[in-house]
Amino acid sequence: GDSVTQMEGPVTLSEEAFLTINCTYTATGYPSLFWYVQYPGEGLQLLLKATKADDKGSNKGFEATYRKETTSFHLEKGSVQVSDSAVYFCALSRRGGSNYKLTFGKGTLLTVNP
Amino acid sequence: GAVVSQHPSRVICKSGTSVKIECRSLDFQATTMFWYRQFPKQSLMLMATSNEGSKATYEQGVEKDKFLINHASLTLSTLTVTSAHPEDSSFYICSARDPRGTGELFFGEGSRLTVL
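Heads up: the sequence lines are chains E and B, in that order. 1 is the number of the first residue of the first sequence in the working numbering; add one for each residue after it. 1 is the number of the first residue of the second sequence in the working numbering; add one for each residue after it.
There's no promise every hint is true.
[To be verified] Below, a list of computed lysine to aspartate or glutamate pairs in the EDC-like style, where the Cα atoms sit at most 16 angstroms apart:
hint, chain 1, residue 1, chain 2, residue 2
1, E, K101, B, E59
2, E, K60, E, D84
3, B, K66, B, E87
4, E, K101, E, D2
5, E, K68, E, D55
6, E, K101, B, D98
No wet-lab data here; the hints were simulated from the structure.
Could you put the whole structure together from the sequences, leaning on the hints where they help?
This is how it looks when you write it as structure tokens:
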């Protein structure tokens, strides 16, 4: 079955540090890939997505590239801010019949200190 | 973008009582909504798929008699936790699929249930 494996946290960085959160997946076919972010006390929000190989999703300074050869979708940001502190979830969506099924990784807690 | 709203955001109840959580799609019709449960420091666990006008589809291990799901209209799904116990305390999140067919999910703000 489909699965998503992401880097276990927690990750603690200083402001302006470089961020990488690794994510790899297992799925048949060509899934769409997502990064969702969950700020404290809130629901999940879509951060960025990529729907086909070599696509790069980007938003709010975050980037991730869909690498089919390595089945990866690592999240990166060149300079993190305190406001980026949140839990980040990698996910994939694959169409099964008439429905899309979303599979999440376990989430990575990021804390950015001033 | 599409908005999904949940209510209440926080609820505290006594053990043995029932609690209802609402999930609404505010600017689009959602024939299918999903209910997730999130334990502290863990990922989201899909509990059930709510289908408008028909019975919900529950994931393996989820008690359908305990977690009653009703999807009576194209914009509203409700989750009722019946005879709640402290171990039901959790963060419950609903979501609806992007009506444009991208595979993306739009999530509600979540409802934190505390059972005393």
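Comparing the hints with the structure gives:
no. : hint           : in the structure
1   : E/K101 - B/E59 : 12 angstroms, holds
2   : E/K60 - E/D84  : 10 angstroms, holds
3   : B/K66 - B/E87  : 12 angstroms, holds
4   : E/K101 - E/D2  : 9 angstroms, holds
5   : E/K68 - E/D55  : 10 angstroms, holds
6   : E/K101 - B/D98 : 12 angstroms, holds
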